[in-house]
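Residue 1 is where the sequence shown starts when you use the numbering used here, and the numbers rise one by one after that.
These aren't lab readings, by the way, just hints derived from the structure by calculation.
Derived BS3-like pairs (lysine-lysine); straight-line CA-CA distance at most 30 Å:
1) K9 - K251
2) K58 - K9
3) K236 - K334
Since the model is a prediction, treat every value here as computed from it, not as a measurement.
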Amino acid sequence: MTADIQSKKTKLCILLHAHLPYVRDHLATLPLEEIWLYQNIAECYIPLIEICHRLIKKNIRPSIALSISPTLLTMLQQPYYHKRFIQWAHTLYDAANLLKKKNTKAHIALDFYISFITHSISFFENNKGQCADAFGDLFKNNFIELLTTAGTHPFFPLYRMYPEFQNLQIMAGIQAYKKKFGKTPLGFWLPELGYYADIERYLHLNAISYTFVNDTSVLLGKTIPATGNFFPLKTKAGLVVFPRDAVLSMKIWSSHKGYPGNPAYREFHRDAMYELPELSPNNKLLGLKIYAISGSDQKEYYEHEKAKEVVRQHVDDFIAAIVQRAYEVERVIKRKPVFVLPFDAELFGHWWFEGPLFLELLIEAIALRDDITCVMPHELLDCDMETAQPVESSWGRGNDFSTWYNAKVRHTVLKLDELLYRFSKALYGNEHALQQCARELMLAASSDWQFMISTRSYADYAQKRFEEHSTAAAIILDMIEKKITNSTYINTRFEKYPIFEDIGTILPMLVQQ
Numbered sequence: 001m002t003a004d005i006q007s008k009k010t011k012l013c014i015l016l017h018a019h020l021p022y023v024r025d026h027l028a029t030l031p032l033e034e035i036w037l038y039q040n041i042a043e044c045y046i047p048l049i050e051i052c053h054r055l056i057k058k059n060i061r062p063s064i065a066l067s068i069s070p071t072l073l074t075m076l077q078q079p080y081y082h083k084r085f086i087q088w089a090h091t092l093y094d095a096a097n098l099l100k101k102k103n104t105k106a107h108i109a110l111d112f113y114i115s116f117i118t119h120s121i122s123f124f125e126n127n128k129g130q131c132a133d134a135f136g137d138l139f140k141n142n143f144i145e146l147l148t149t150a151g152t153h154p155f156f157p158l159y160r161m162y163p164e165f166q167n168l169q170i171m172a173g174i175q176a177y178k179k180k181f182g183k184t185p186l187g188f189w190l191p192e193l194g195y196y197a198d199i200e201r202y203l204h205l206n207a208i209s210y211t212f213v214n215d216t217s218v219l220l221g222k223t224i225p226a227t228g229n230f231f232p233l234k235t236k237a238g239l240v241v242f243p244r245d246a247v248l249s250m251k252i253w254s255s256h257k258g259y260p261g262n263p264a265y266r267e268f269h270r271d272a273m274y275e276l277p278e279l280s281p282n283n284k285l286l287g288l289k290i291y292a293i294s295g296s297d298q299k300e301y302y303e304h305e306k307a308k309e310v311v312r313q314h315v316d317d318f319i320a321a322i323v324q325r326a327y328e329v330e331r332v333i334k335r336k337p338v339f340v341l342p343f344d345a346e347l348f349g350h351w352w353f354e355g356p357l358f359l360e361l362l363i364e365a366i367a368l369r370d371d372i373t374c375v376m377p378h379e380l381l382d383c384d385m386e387t388a389q390p391v392e393s394s395w396g397r398g399n400d401f402s403t404w405y406n407a408k409v410r411h412t413v414l415k416l417d418e419l420l421y422r423f424s425k426a427l428y429g430n431e432h433a434l435q436q437c438a439r440e441l442m443l444a445a446s447s448d449w450q451f452m453i454s455t456r457s458y459a460d461y462a463q464k465r466f467e468e469h470s471t472a473a474a475i476i477l478d479m480i481e482k483k484i485t486n487s488t489y490i491n492t493r494f495e496k497y498p499i500f501e502d503i504g505t506i507l508p509m510l511v512q513q
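Make the full structure from the sequences, and use the hints.
Pasting the structure below:
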């Protein structure tokens with residue numbers, strides 16, 4: 001069950017980036033922003049674990065690379081979320097059964113959904129809620145590869161003037177990874193694939209061996225390697241960089257032409273909770289999704305067996321696309337290509353419900369072929385590769401920085417610029433206050449807030465969270481600068497968002513650097 005790295009095969013490197021912002025609202029009813037986590041546990045993280053185990057039983061190594069953000073990793077481990085996942089799942093189960101009594105036409109879709117959520121509850125309880133442990137066990141046995149990312153997922157190019165903050169974010173990611181998985185990560189996911197040249201210095205300082213970049217980081221460089229974006233490359237600083245293949249990625253990723261838009265697949269955007277007005281309004285967006293996309297206002301009910309047949313067709317189509325692209329690329333670069341396919345993990349299962357099955361059937365089909373193999377990043381680090389210098393890029397709109405820096409979010413960048421300057425001058429201040437100030441700044445700098453504001457997707461919530469954390473950071477900086485301490489305020493803030501409890505071991509190292 002090992003990858004044949006040295007063989008003359010086209011190589012497929014699949015990276016799933018699992019991330020959600022840290023949300024903890026302490027409300028009796030489940031807020032939508034927390035429900036995102038519970039939906040992803042049931043629809044994405046549990047199915048990914050299960051497809052890996054099914055493949056292993058067939059003597060097939062999954063060979064998936066998975067980055068897990070520290071914010072998500074924390075939520076997956078804290079009992080607060082375990083209890084509320086069960087609350088969410090049982091509420092959804094009851095709602096599905098209630099709707100089944102009212103709507104006899106939807107019995108196939110509802111029976112499937114009731115079975116699905118029942119299985120999710122059973123898996124979660126049998127594993128004591130520890131999805132992170134399950135991923136760790138797969139990693140320990142070399143079935144998958146785990147890597148880390150920045151503490152709260154900031155868009156690094158915005159903070160290039162503050163090396164202490166960038167190091168803090170990188171070190172927090174490494175610390176969370178080591179604490180959970182017992183070793184130092186080789187790889188580091190740059191949030192939003194936000195690359196700029198100096199970030200290499202901080203990754204190197206923290207013993208990171210490799211990262212990923214958008215294809216434009218390579219193809220728009222001053223010197224384009226002969227292998228283009230179809231093979232890893234090494235920077236002058238020695239960092240191995242895996243460039244994305246956008247063409248193959250977009251067969252899955254594209255919102256217009258990608259596989260997830262097929263009419264047979266489950267409709268993500270329509271929640272059947274709206275058909276149960278007798279339930280509390282707070283329950284209306286739990287995620288009871290029983291419709292197929294079906295391309296019209298009069299949606300058809302979802303039939304999973306029909307969707308499975310389409311998945312098989314899409315797997316065949318994708319493999320044919322890999323073979324054709326490999327043939328075309330090899331003629332140019334004179335060697336077997338490595339196609340790097342990074343995605344948000346949540347695409348597989350949450351947004352595209354059939355995504356985990358697609359991955360499973362794809363990996364299984366590739367295992368039977370003699371011309372393609374799935375590989376993990378660490379297996380390619382010693383390959384003979386060219387040296388080149390990537391340029392600034394992201395995987396956002398326009399492959400630039402505009403999603404995270406534009407007129408709608410400029411105020412967030414300016415406010416953080418002011419606060420980070422003060423923070424850099426306060427690193428010798430009161431340790432207790434400084435630790436909480438660091439947490440607040442990190443939480444304020446999450447790229448999620450700028451993305452949500454820019455795209456007008458739950459922008460009010462994102463703005464509220466940014467203002468909450470930036471205001472708290474300013475209050476604590478005032479304390480540090482005036483040499484006063486309000487321990488009650490500081491403790492209350494940590495109790496509300498209990499994350500990065502070991503950050504005190506990182507801050508002294510920032511001063512030393």
